[in-house]
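Engineer: Order-wise, the sequence lines are chains A and B.
The opening position of the first sequence corresponds to residue 1 in my numbering, with each subsequent residue numbered one higher.
The opening position of the second sequence corresponds to residue 1001 in my numbering, with each subsequent residue numbered one higher.
Worth flagging that the hints you see were computed from the coordinates, not collected in a lab.
A few of these clues could be false.
If you only want the chain A side, here are some residues facing chain B, beta carbon under 7 Å, derived [unchecked claim]:
1) Val-38
2) Leu-231
3) Arg-234
4) Ser-237
5) Gly-243
6) Glu-246
7) Asn-247
8) Phe-250
9) Ser-254
10) Gly-255
11) Asn-257
12) Gly-285
Derived DSS-like pairs: lysine-lysine, alpha-carbon spacing no greater than 27 Å straight-line [stated by the list, open to error]:
13) Lys-1413(B) x Lys-236(A)
14) Lys-236(A) x Lys-1391(B)
15) Lys-1401(B) x Lys-236(A)
16) Lys-200(A) x Lys-45(A)
17) Lys-1347(B) x Lys-133(A)
18) Lys-236(A) x Lys-1397(B)
19) Lys-1409(B) x Lys-236(A)
If you only want the chain B side, here are some residues facing chain A, beta carbon under 10 Å, derived [unchecked claim]:
20) Ile-1113
21) Gly-1349
22) Arg-1353
23) Leu-1368
24) Glu-1372
25) Ile-1379
26) Phe-1380
27) Met-1383
28) Ile-1396
Quick caveat: nothing in here was measured; it's all calculated off a predicted structure.
Built from N, CA and C at the ideal position, the CB exists for glycine as well.
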Amino acid sequence: MKTLKTFYENFGLPRLIIAGFFILLVVASIILGFSPAVLFSDVVKRWLMYGTLVLAMVPGIQSGIGLNFGISLGISSGLLGAVLAMEISFLRDWNTTLGMGAPWLTLLLALFFGVILAAIVGTLYGMLLNRVKGSEMTVSTYVGFSVIAFMNIVWLSLSFKNGELSWPLQGQGLRNTASLSGSFGGLLSNPDVVQATQPKWLHWLAFRVGEFTVPLGLILVFAFLCLLVWLFLRSKSGIAMSGAGENQLFTTSSGINVNQKRIQGTMISTVLGAVGIILYAQTYGFLQLYNAPLMMGFASVASILIGGATVRRARISNVLIGTLLFQGILVTALPVVNEVVEIGTLPEVLRIIISNGIILYALSKTKGENQ
Amino acid sequence: MDEQYLLSMSNISKEYYGNRVLKNVTLNVKPGEIHALVGENGAGKSTLMNILFGMPVIYATGGFEGQVSLDGEVATVDNPHAAMDYGIGMVHQEFMLIPEFTVTENIKLGREIGHKTALSRIFGNLLEKLNWDQMSRDSRKALNSIGMMNIEEYTKVAGMPIGYKQFVEIAREIDKTGIKLLVFDEPTAVLTESEADRLLEIMRLIAEKGIAIIFITHRLTEVMAVADSMTILRDGEFVARKDVKDTSLANIAELMIGRQVEKLVEDDLLGERELSDENIALEFIDYYVDMPGERVKGMNVKIREGEIFGFGGLAGQGKIGIANGIMGLYDTEGEVLVRGKTLDLSKLGEALRNKIAFVSEDRRGVGLLLGESIERNIIFSAMQINDEFLKGIGPIKILDKATADKHAKNMIKLLDIRCTGPSQAVGSLSGGNQQKVCLARAITMIPEILIVSEPTRGIDIGAKKLVLEYLTKINRELGTTIVMISSELLELRSLCDRIAIVSEGKVFSVMKPDDPDAAYGLAMAGVREEVAL
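With the hints as extra help, turn the sequences into a complete structure.
Structural biologist: Right under this line is the structure:
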């Protein structure tokens, strides 16, 4: 009884409700005759697709800037890196010269550009957040929105030669949604793409077991990123950063520059955001520009909070559980709801209710913790 | 109850969370009398006043025992409004004035006088028109009655000298009709000398009108100058009620400090050893710390190698600032020398790298990562400064969990930290055990100089003893120089070799632990006077 009680206290009521709801949806979908394998393939895919973006919340929270609604900065950096890489790939005509290596090089180049850009932008953003201590989350929400507006102008004014990217019949501006099918789309997660474009010895990257899809490549990449963050949080530097997030005076009195640590955390968070959006696009198969990333920050925030993180403490396990529950509900709700009621937008409504509700719940809890 | 007393608080006891802060205290005040309430910090003065005013904090923590009577009748003061109705007023230490309002507006705030208007007849008196003439006249009268002819009732409070603000506060209390008793809570603490003298005069004026005054202060000379009688509290206990004419400064000081019999550190731990004036471990030269509320203003002191050196004194005098300055939490000026070498305090962690460790007085605010485990707290500084508890995995170094765990377990055993294990969050520990974790973190640094600030604040007697004994032990066995900053003279005197009493940001005098109580009392009160013993 006691262990049950501690489990309940550790797990928390909101997560119990959401986990219960998730299980209910799964049972319902199976009763309604959906294939569990297909359903779970989808859940796993979405889990990994959003995982890195949610992981990006961890360094931010640990360093004391709170929930990084400004993750759009990292997302924009990643997107910019991706379009640059694709343009270079097109100009150099890698598809003909490199063959099966072309998507790999494009992916690596996209990551490279994205990470560099995000590191620079993230550092500046960290410096900004140091000036607004106490209201980081308000400021980061606005920064997150503003950068999307700013990037809209950028996307409109870039003139690229790559036909996949630029608006057809127009010299300037990029498309709303650019397909990655000729590039690195599905390279790590889609068995069809892997089998069509890659040599046999790479077919383990994504394969099917019956109806169930195993995106092993993506699993390994995501696991590797989680491991990196986990190692960092246990390093001297990471422990100092977590200290800075928990108690600034304590950390200062241990001879650590708190502001530097906060910049470090913000920077890493932004970089992970850039990597996250590239992995997202890779899985999704499309690059979404303009307003598409506007609310991604909120989804990431909601996921990690569902996972049990607070505004001040987050762990890798929060990322894993939270993303699974949040995305799991969205994936399973869609077919089930469509079967039960015929309103097309209901899953979307559900998504908004869950994500905003959870954010509200978590924020209302933080006050209680401080008192 | 005795009819002659205006206010009579008898056998008052109060507990905060099982901690008894008042034990059978009695306070009697006659009409028109200036009655001083004296005692060290934590003697229970504020709690007693909170009870008198029916402050919510008293009722939120289970009320109090004992009886309060006014004019010989039992009074129930269960909220501040009731206190006002009984004619009890208070002049606060921090001014409760609105700067952008005029003197009149401040004096009449909440008690405005109004005319009836058409609107107010319908919607109630909140919409009455203010009678400015009457309000100005009343304010003028109140100001005149305390001899403040030169304060204009129509000026704004903002920009007034601090002393004047204090007088406006007093005028506001005087203006309340039926005021019988005024409490002055350390009114002279923020005033200049001439302003303070003026205030004392005003107090006499008020008393002459038949209003009784309770005067709370640390400045014993003021008590001698103005009060008729006094009540002395010590550790929540009633010590004596005396008439000022029957007593002396030294006598009051002695009663305030008191000789307590309980021993905090056993004698056999306090072995004799040689301390040399040649080997100076830590020296402050013209040292300033800009810590709000605890400013250090030009301190000069030398602390010998292997010594246990105490800093005592009243709250707000600057003793707390000393350590916080060294640890880089507040800006400093002047020089701090460690074994003759100047510390560059503008660099973070400079003190730690010079083998100085620090246990903060603000456990929860500075001393601990409340959300983290005991283990993480204990190893944090040693890891960051000395690169301990790390192991290499390829090019990166990460936490060596096994070593950290072992060390934490050792510390838990050594200091008897009551917990479920090294992974328990420190936020869920009791105060005493949290303090032990702070201490464990400091000694994990293996410091040569250990600065402990208020090491026993808010912890129970058992933990207190253990902490103090442990400090003595590492001093004697490892030769660690210990600087102990404490408000509790008793604990300083039970283990320090020398004690510096800090007053107004400077070292007032350096004393021996066996100096007489009266001498300590006077030093704490900042009175320089030869005492006949």
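Engineer: Min Cβ distance, Phe-1380(B) to chain A: is it shorter than 10 Å?
Structural biologist: Check passed: Cβ of Phe-1380(B) comes within 6 Å of chain A, closer than 10 Å.
Engineer: Answer holds if the nearest beta-carbon of chain A is closer than 10 Å to that of Gly-1349(B); otherwise answer violated.
Structural biologist: The hint holds - Gly-1349(B) has a Cβ within 10 Å of chain A, the shortest such distance being about 2 Å.
Engineer: Under 7 Å is the threshold here; is the Cβ of Ser-237(A) close enough to any Cβ of chain B for the hint to stand?
Structural biologist: Nearest chain B Cβ about 9 Å off; hint violated.
Engineer: Taking 7 Å as the limit, does the beta-carbon of Asn-247(A) come near enough to a beta-carbon in chain B?
Structural biologist: holds (5 Å)
Engineer: Take the C-alpha atoms of Lys-236(A) and Lys-1397(B), compute the straight-line distance between them, and say whether it is at most 27 Å.
Structural biologist: holds (7 Å)
Engineer: Would the hint on Leu-231(A) be counted as holding, given a Cβ-Cβ threshold of 7 Å to chain B?
Structural biologist: holds (6 Å)
Engineer: Taking 27 Å as the top limit, are the C-alpha atoms of Lys-1409(B) and Lys-236(A) close enough?
Structural biologist: Since the Cα atoms of Lys-1409(B) and Lys-236(A) sit roughly 21 Å apart, the hinted pair holds (cutoff 27 Å).
Engineer: So, as I understand it, the hint says Phe-250(A) touches chain B; can you test that by seeing if any CB pair is closer than 7 Å?
Structural biologist: For Phe-250(A), the interface hint holds, since the closest Cβ of chain B sits about 6 Å away, which is under 7 Å.
Engineer: Can the hint on Gly-255(A) be confirmed by a CB-to-CB distance to chain B that is less than 7 Å?
Structural biologist: holds (2 Å)
Engineer: Is the Cα-Cα distance between Lys-200(A) and Lys-45(A) 27 Å or less?
Structural biologist: holds (22 Å)
Engineer: Does the interface hint hold: is Ser-254(A) within less than 7 Å of chain B, judged Cβ to Cβ?
Structural biologist: With a closest approach of 4 Å, the Ser-254(A) hint holds.
Engineer: What's the verdict on Lys-1401(B) and Lys-236(A), does the C-alpha distance respect the 27 Å limit or exceed it?
Structural biologist: holds (12 Å)
Going through the hint list in order, the structure does not satisfy hints 1, 4, 12, 20.
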